[in-house]
Amino acid sequence: MLALGSVSLITDISSEMVTAVLPLYLVAGLGLSPLGFGLLDGVYNGFSALVRLAGGHLADRGGRHKAVAVFGYGLSAVCKPLLLLAGSLPLIGAVLAADRTGKGLRTAPRDALISLAAPPEARGRAFGIHRAMDTTGALLGPLAAFLILHVAADGYDAVFTVSFCVAALGVLVLVLFVPGSRTGTPDTAPSPDGVGRSAVSLRAAVGLLRRRDVRGLALCALLLGLATVSDSFVYLLLQHRLGVPDRWFALLPLGTAAAFLLLAVPLGRLADRVGRRKVFLGGHLVLFLAYGLLLSSWHGTALPYAVLALHGCFYAATDGVLMAAAAEAVPAELRSSGMALIQTGQAFARFACSIAFGAAWSAWGDRTALLAAAVLLAVCAALSAALRPGAGPPMSVPV
Amino acid sequence: MTPLTRRTRLLVLLAAVLVLSAVAATTLLHASDRAARKDRAQPGGPRVTAGPVSLVPAAAGRRIVFRNLAWGPHRDELTSVAATTPGGTRSASGVKCLRFYAAAGTGVCLQAVHGAVQDSYRAVVLDAQLHEHAHYALPGIPTRARVSPSGHLVAWTVFVGGDSYAGTDFSTRTAVLDTRTGRFDASLEDFGAIRDGHRLRAADLNFWGVTFADDEHFYATMATGGKTFLVRGDLNARTVTVVRANVECPSLSPDGTRIVFKKRVSGLPADAPWRLYVLDLRTMRETPLGETRSVDDQVVWRDGRTVVYSLPGDYGADLYSVAADGSGGPHRLMGAALSPAYL
Chain F
1 MLALGSVSLI TDISSEMVTA VLPLYLVAGL GLSPLGFGLL DGVYNGFSAL VRLAGGHLAD
61 RGGRHKAVAV FGYGLSAVCK PLLLLAGSLP LIGAVLAADR TGKGLRTAPR DALISLAAPP
121 EARGRAFGIH RAMDTTGALL GPLAAFLILH VAADGYDAVF TVSFCVAALG VLVLVLFVPG
181 SRTGTPDTAP SPDGVGRSAV SLRAAVGLLR RRDVRGLALC ALLLGLATVS DSFVYLLLQH
241 RLGVPDRWFA LLPLGTAAAF LLLAVPLGRL ADRVGRRKVF LGGHLVLFLA YGLLLSSWHG
301 TALPYAVLAL HGCFYAATDG VLMAAAAEAV PAELRSSGMA LIQTGQAFAR FACSIAFGAA
361 WSAWGDRTAL LAAAVLLAVC AALSAALRPG AGPPMSVPV
Chain P
1 MTPLTRRTRL LVLLAAVLVL SAVAATTLLH ASDRAARKDR AQPGGPRVTA GPVSLVPAAA
61 GRRIVFRNLA WGPHRDELTS VAATTPGGTR SASGVKCLRF YAAAGTGVCL QAVHGAVQDS
121 YRAVVLDAQL HEHAHYALPG IPTRARVSPS GHLVAWTVFV GGDSYAGTDF STRTAVLDTR
181 TGRFDASLED FGAIRDGHRL RAADLNFWGV TFADDEHFYA TMATGGKTFL VRGDLNARTV
241 TVVRANVECP SLSPDGTRIV FKKRVSGLPA DAPWRLYVLD LRTMRETPLG ETRSVDDQVV
301 WRDGRTVVYS LPGDYGADLY SVAADGSGGP HRLMGAALSP AYL
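These protein sequence lines map, in sequence, to chains F and P. Counting from 1, one number per residue, gives the positions in the first sequence under this note's numbering. Counting from 1, one number per residue, gives the positions in the second sequence under this note's numbering.
Next comes chain F alone, as it looks inside the complex (with noise of 0.2 Å):
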């Protein structure tokens, strides 16, 4: 488990370094303008769903978590350095999207690694304390990347390289250091070879959603992701309302990161105590409270801290909890599988949201948008609590 947040907390140093320093680069290193509207548009969001599933499909085949996890990071890896070669804005988009592929492609299998390796009960606190490192990770990246600069100025070939071989490092730590997915764990231990291959067809995966229970949480995640507003609207909103100084702009992400890193395991225990559906919805009412409090006639100052610590909190909530239900309802030779479903679901329905907001902002204005965001969330959050969870393992606590 530890070894897994290493390897999160080491790559989220050497991306988020590349994040930092990307629009300097391309601004001042390069001198171009990058008002392309996105370098990456929503054509490939498409396509990284579909890379996501891929991922998740080929990992579960002959339980090959750990190399399609080691592709994935290994594909960013490389990533680092060619962004040094590409000078122009379509290539450097290309070099993006195939970082992201890297990105797509890990997620789902890392995250069955973590749950095959913990115990059940005590899964929501091992996704928490991943989430956490890996929310230390981009937290240190961007100090590290600044430092560089400061050292050398214009630096950018030094930051990508030194972001190479921290990703590098990540890769090692996970190739030496986090066993397989067939390493003796109880899920996977019964399960013979022959047995497992057959029972990972591409029939099999589409399959899991005739089970009740993966049913009724990839339903639940879509319908709560199709109310849940996107970080950058939400930052937007906080500008807007309240009148943030464009200096601290900036940093606005770093206050819900602060709050996920914080919350993100004792929420993850409290999952493993109380039920994780329960949890997961908890954190759409603390989402509902913060969209309460944006829409409100308060303008304290405490307000944005108030904001971006629910906004934290739900992330610590939802995130890794999230998984640690998935983990529940999927069969363990399906895991990589049905976790890349769900997550797959939830990003496109937040796709959703996002493009309909935007349209909802232009046509009524930011209040009323997020008023119907918040009315939309109450009504996915009745009925998601509503659905009735299927029988479950033995483990699961009743909701």
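Worth flagging that the hints you see were computed from the coordinates, not collected in a lab. Don't take every hint at face value.
[As the list claims (entries may be wrong)] From the structure, some residues in chain P lie toward chain F, with a derived Cβ separation under 10 Å:
id : residue
1  : V19
2  : T27
3  : S32
4  : A270
5  : T287
6  : D296
7  : Y342
[Stated by the list, open to error] Cross-link-like lysine to any residue pairs, in silico, SDA-like; alpha carbons within 20 Å at most:
id : chain 1 : residue 1 : chain 2 : residue 2
8  : P       : K263      : F       : S88
9  : P       : K227      : F       : P90
10 : P       : K38       : F       : S88
11 : P       : K227      : P       : G267
12 : P       : K96       : F       : S88
13 : P       : K263      : P       : G225
Where is the CB? At the ideal position from N, CA and C, for every residue including glycine.
Mind docking chain P on chain F? Use the hints.
Showing chain P alone in chain F's frame:
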């Protein structure tokens, strides 16, 4: 997986850490060495000496004030040369700017402030002797700067973005300042946007590249839904009105009748999509200029007939000029220079 003992695995990790650290340290040393080299003058480069730079029109004739990119101790400083001999010795002021513009004795300098962890940026309003009149914190990386012909109004644009994974959502923020009253509009997004007589409400409104007509009116680029528009702004009414589509970084002629802008031309490669065009505001007719390369800059008017702009060069950027009526071809004005202002 090959069964390795824990000891072996730790040794492999240790070896890899050593190799990777060596690679990282080497590139870091190389990069910092290169950074140091840029502080030494290159043989064959333009002569740059410390000297006075003024934003007041000189009796001796017009001057160009610009950011000097030539390597040496005065790299990135505001420097000036006589407009008639742009290749002559540059007089360097000691004031460092990333972007700069000036008119009628007022200058605006967008500069980096080196912090303990991260650089931040600020806009400094300069008087004619390049002394600081006021400064404002910037929310992102500077890109465009302008001063109104009277020297009263100042505008700038910065890039904000990169807070999502793989940082792909870029936006701009454009501010307008009245240096007489201190009235500060931090973002044109707060203005009412009007298109075909209707109020436009969109979450993705973006503005960049202000050019002033007078102390109340300006033109700029507005983007929404993946398209760009020329807008005419009114500072008192706090509105911007869409004039025309596919116009970026407009620059108004001294007589206020024409706009030279960069136009996204279909069929060009995605990494070099722009051509310079001139738009006659009376007839709304567009004419391509004689520059056939992709220009990503907001041009400045040298006079009523010629515009000056930058293109990527060996030291960052070089300045070129071309006729504003579509005739003739481009001329290289000077190397290693950016953000010129004619005074």
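Hints versus structure:
Using the Cβ-Cβ criterion of 10 Å, the hint placing V19 (chain P) at the interface with chain F is satisfied: the shortest such distance is roughly 9 Å. For T27 (chain P), the shortest C-beta to C-beta distance to chain F is roughly 4 Å, which falls under 10 Å, so the interface hint holds. Here the hint on S32 (chain P) is kept, as its CB sits about 4 Å from the closest CB of chain F, short of 10 Å. Annotation: interface hint on A270 (chain P) holds; nearest CB of chain F at approximately 5 Å, less than 10 Å.
The closest approach between the C-beta of T287 (chain P) and any C-beta of chain F is roughly 23 Å, which is over the 10 Å cut-off, so the hint fails. The interface hint given for D296 (chain P) holds, since its Cβ lies 5 Å from the closest Cβ of chain F, which is under the 10 Å cut-off. Evaluation of the Y342 (chain P) hint against chain F yields a violated restraint, the C-beta minimum of about 22 Å exceeding 10 Å. Between the alpha carbons of K263 (chain P) and S88 (chain F) the distance comes to roughly 18 Å, so the proposed pair stays at or under 20 Å and holds.
Among the hinted pairs, K227 (chain P) with P90 (chain F) is consistent with the structure: their alpha-carbon atoms are about 18 Å apart, no more than 20 Å. For a cut-off of 20 Å, the pair hint linking K38 (chain P) to S88 (chain F) is broken: about 24 Å separates their Cα positions. Pair hint K227 (chain P) plus G267 (chain P) holds up; C-alpha atoms about 16 Å apart against a cutoff of 20 Å. Pair hint K96 (chain P) plus S88 (chain F) does not hold up; C-alpha atoms about 28 Å apart against a cutoff of 20 Å.
At roughly 17 Å between alpha-carbon atoms, K263 (chain P) and G225 (chain P) fall within 20 Å of each other, so this suggested pair holds.
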